[in-house]
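Q: The residues making up each chain are set out below.
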Amino acid sequence: MTPANAETILKSSHLLGIEALSVGEITSLLDLADTYVALNRGANKKTDVLKGRTLINLFFESSTRTQSSFELAGKRLGADVLNMAVKTSSVSKGETLIDTATTLNAMRPDILVVRHQDSGAAELLSRKLDCSVINAGDGSHEHPTQALLDALTIRRRGRKFEGLIVAICGDVLHSRVARSNIHLLLKMGARVRLVAPRTLLPGDAERFGVEVFYDMNKGLEGADVVMMLRLQLERMAGAFVPSTREYFRFYGLDAAKLKFAKPGALVMHPGPMNRGVEIDSAVADDIEVSVIQEQVEMGVAIRMAVLDALSRGMAREGRNAP
Amino acid sequence: MTKRIAFRNARLIDPATKLDVKGGLLVENGRIADVGPRLFNNAEANDPEIVDCKGMVLAPGLIDMRVFTGEPGSEHRETLESASLAAAAGGVTTIVVMPNTDPVIDEPSLVDFIRRRAAATAKVRVLPMAALTRHLAGEVMTEIGLLKEAGAVAFTDGDRTIANTRVLRRALSYASTFGALVVGHAEDPDLSEGASVTEGEYAMRLGLPAAPAAAEAIIVERDIRLVEVTGARYHFGQISTRASLDAIAAAKRHGLPITCGVAAHNLALNELDVGAYFTFMKVKPPLRSEADRTAMIEGVASGVIDTIVSGHDPQAADTKRQPFAQAAFGAVGLETLLPVALGLHHDGRASLSLVLKLLTAAPAKILGLNTGTLAKGAPADLVLIDPDEPFTVREAELRSRARNTPFEGRKFHGRAQKTYVAGACVFDRKAKA
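For the protein sequence lines, the chains are A and B, in the order given.
Using our numbering, the first residue of the first sequence is number 274, and each one after it goes up by one.
Using our numbering, the first residue of the second sequence is number -19, and each one after it goes up by one.
With the rest of the complex left out, here is chain B (with noise of 0.2 Å):
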């Protein structure tokens, strides 16, 4: 029997075929059958299951081209199914999952691993990385083409940069090959080695050790240059500064085939949010200086930068209560990711529309994905957003199995109330409370 599921009265906001109007969606064994201003207006449809919107906004689910999980290895922090939780309540119907685990995700079987056991536990879609280089040492390339078979859908080191020039752009060139998208990671090595914050007066009244900012924009361009020799598709996962802004920039300008992505809270936090050694503020990059910060939104807001993501790292409290230059990187996200963003939107730099394209058609288009759009025949990867519902970030009420939010406490409005994979509800705010 068909399953049928009709959302009447929404805004309905695709990004991807530029639709923001008020109408119906329609979906039919999981895909999307029909959308449109005059679906269900008038009279109740039949036979289907009905959802009102309520004028609430209808757009297509959230894919997150960044997060880290512990599964394999660390299984405490969190598992492929407490990430999926905390992304379904977050909007999010895609996580592109990162291979810094252990075992790291190096091998065509480990990447089959990863998929079946997302398949089996999962409430949204998981969709591996895979590594670069082997065992993330950054010195011999892996099996692109075979690990891109088995579902890898694109080569990073994760968090790690790789420091040899050579190595790096033999990987490219070799990825280029298969048409692979790489993934870099920007903080040259040497430069922030031992840095657990950026450099600048703040770091220096604190006494933390810190790498400057060109740690990240050295890398950047070095790995344009790359790209110009190797043809290869390159994304640069969060960028945090002014530099790298312009760097890549001009380097899409010159037609180069390079995307790049912000994390969340480098849109929202500043250096100055570490406090008083608040170590859920350490992440990498790091929280940068105002202008950085604001840099970021301006990248936004011109399209130089094409996704937003959580940057999601669970760490365990033990690895957090530690003195700051001691206590791990990494902070959560999946759950704050679209609240933030929405920020941009009350505070009026960017339109909702493209808000949500660099939650949604941007990734989809960069990583060749069939969702991240409400059109017909897609997937019915789905969330109904309230976009003005005001909020406190409580860390007690994060899915995610770890709770190392930089957003405790913080107020903020608009955030997912339903959430839907291939036309199955995975998330209820609602039902929840």
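Only chain A is shown next, with the shape it has when bound in the complex (with noise of 0.2 Å):
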């Protein structure tokens, strides 16, 4: 169990975006995963943080890195974790979200990580569950632990915040990895580009506070980091952009492209790839460069921070208590 004593760190009861969270809320996960990141790779990875504790997996899309990642997360701080198989269970019989909800409300979990295709759907659980929830991607809403791995690993690579130039290139309409690095990384006082074509640009965009550059090779100029987003299948085919060679050719990152961002400049992706699309392999690969391996290993430990913050909270309320 967590201490009574240890520090607060969110306000809430629940991660459902990282719009409502404040600086210092971000940094202290951010100091808390660097805690997880060393336990990690020691040889005994085990807490007993979450002892007793439930956690409930729940995707109605298919994730197997965020849901692994999330099972891993749990299980080092002790916790039971039930991953709920959306595809075979009722809620693919047609169950509402709501149903669903009130039956696994039922079942008394502490904490419910949910990954939804439709925006909002984190949101509408949390005001019908008794439990914490953790928004795991929302529509093109938000995938806050996402951002928040993405920040681990920019601060543990040893960049600043205030000032930095990060470029996030690629599908930002459809985005919720976007959408929650946009919030994290201004709040943090970094300067964020989107790169995209039109298609793939919300119609506002710079009311995010952002610059857009529809030019890869102009928005790649002088940034630090260099965040690629992944393209769905379906939107290469005519819709969003004519074909896959053409997004290559003009917003695929290679190392060409790459020339034009700062020496040094950080190579993210918040996986899966796809290469020879939105990637070059040989950049993708590219130790010198590439964190993407890295961000997965962030992964963990940002969860392990995120669930562990929230276990505090459940520790003052004295909810579910034994």
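Accuracy of the hints is not assured; some may be wrong.
[To be verified] Facing chain A, from chain B, some residues (calculated, C-beta under 8 Å):
1. Gly125
2. Ser156
3. Asp368
[Stated by the list, open to error] Just the calculated beta-carbon pair ranges, DEER-fashion:
4. Asp92(B) <-> Ser392(A): 41 to 51 Å
5. Ala293(A) <-> Ala355(B): 54 to 64 Å
6. Gly436(A) <-> Asn144(B): 57 to 67 Å
Please keep in mind that the hints were generated in silico from the structure rather than gathered at the bench.
The beta carbon of each residue, even a glycine, is placed where N, CA and C say it ideally should be.
These two chains come separately, so use the hints to put the complex back together.
A: Below, the structure is given as structure tokens:
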């Protein structure tokens, strides 16, 4: 159990998005995650911070990476982890989201990790459930743990957020990763650029407080960090971009385009990558610039930090006390 | 050795630099080396080839933004070469060719084909437009970035209107990413399906299937809204009604990046010219009412209409020698573009300089070309015009491979005497005669 005197990190009992977090909350989560990076690199990776707690992974969209990352994080903190397989559950038999929530609530979980194809689904569940809800991605809205793990990766590479130039490239329009990163980076004092064809940008993108570039070379000029976004297969075939070869020519990150970024710029990708579409293998696999594998490692640590932080709130409230 | 040509005793008209003076012009190595009122005034220039313009108008070669050919796919109608011969005879030094060929120009390699083929065979400059949607099907946008790199000057489905508003919105949005120009055809595809002429009393008397003139303005207004949403550079290839003109005038007042063209035949002919089912008068958009025709002339005079085009669309005799409803659309126009446009000047509706502006500087600006001007350093694309020479259009004398002119037997004043592309003479009426 978390000691009763453990420092409170999150004001809310849920993590639904980055937009509502303060700089202090973000910084504390990153600090806490640092300790879990150290733990994860040791021989004994287990603690009892979440001992006795139940974590349910409820993924309406398939995701190997995020789901296993949360599962591992929960287990390393000593929680019981249940993965709800939506495809074989009653949800796929037409049950409404609210009914699913009510059913789950009756099982008295402590933390529900939810991914859903619709924006606002995590928010809706948080209002209907007694447990803490972590948004593991809702539609095109937010994916807070991804932004946090990206921030952790950047920080651990010795980069300061203040004045950092981050170019987020690709399908911003449909990307929850982009939205969460925009919020986080701007809060932390970084300068954010969006690089994409206009069909993959929201019409009012500038209203986020970012700079928008249609020309990738210009958008990458002087960038400290290049964040590539995944282009969904169904969006490549003509509706939003005419073809993958055209997309790669103008918006795929290759060595030639990367030259415009600052020397030593970090290349990031939330995965899974479409090689030869949004990123060239030569760049993705270049350990000098690519921190894509590190992002995965930081993912587990950041999710442990988030679970830990939420459990402290539970201890404080005495919720679900044994 | 430097190749020099001296034009003397000319009336120099260059709308791009607001020049209209008597004087001379010197061409060196295909470019305009000097121009002005004092050039070659007195002394005979010693070495260069001398062209005595005899007081005729020397202007930038015309740029025609809307030319259909049959190459590739239906070379019996027109090849790039035959279209270029017609263009040269019409004083047109740049033709912008439409992608409505077989195959459709919707691949970078096909844009490259047009450019190579034109370089090998055509007498004038040929600039290809590429399709905006694959196979002109109105469903999937083309590779606008790669096509632009290959040399496409604009993107259009030619004489087809994209019915799906969402497809068009995304295509416009995507095009604006690359600063690409989109050229639209405004004719509601459902309203105009099966129609041969514009709706009205005459169509009624002839019993021909007709579409209301509103079929054009409906699309014009729709596309203006989409330009507002997307910020794309948009050009209406051919408009033909007052309602369209008013909508575009309003859009321009709001600062939208919209331009438009009108076909010469929509300035000179109206629905009554269809006469006794004369299929050479079957064009897209159709010949309109007299009120709409005069509105087009007003549009030219007021500056709302940016360019006059031929809408050159060669059709073989077999597709025109049909009952009206079954006959193909289209009229050749490269050789009558200038004479028809000069008619506005002779009728006192527009100055000679304005008429020439719509045929030179304006299209050059829309397309971002370095031609269409007599400025020093510009390519020496020139046309020597006798603006008053009377003549009668005879289809047998047309250079175009197809002869479907709606102006057979019409009398005009003024046409090209000599045409130069990059300083090389590509047409000389005297030599022909």
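Q: So, for every hint listed, does it hold in this structure?
A: Tested hints:
1. Annotation: interface hint on Gly125(B) holds; nearest CB of chain A at approximately 5 Å, less than 8 Å.
2. For Ser156(B), the interface hint holds, the least distance from its beta-carbon to any beta-carbon of chain A being 5 Å, beneath 8 Å.
3. Interface hint at Asp368(B): violated, since its Cβ lies 50 Å from the closest Cβ of chain A, which is beyond the 8 Å cut-off.
4. At roughly 44 Å, the beta-carbon separation of Asp92(B) and Ser392(A) lies within the given 41 to 51 Å, and the hint holds.
5. For the pair Ala293(A) and Ala355(B), the beta carbons lie near 60 Å from each other, so the given range of 54 to 64 Å is met.
6. Taking 57 to 67 Å as the suggested C-beta distance range, the pair Gly436(A) and Asn144(B) does not conform, at roughly 45 Å.
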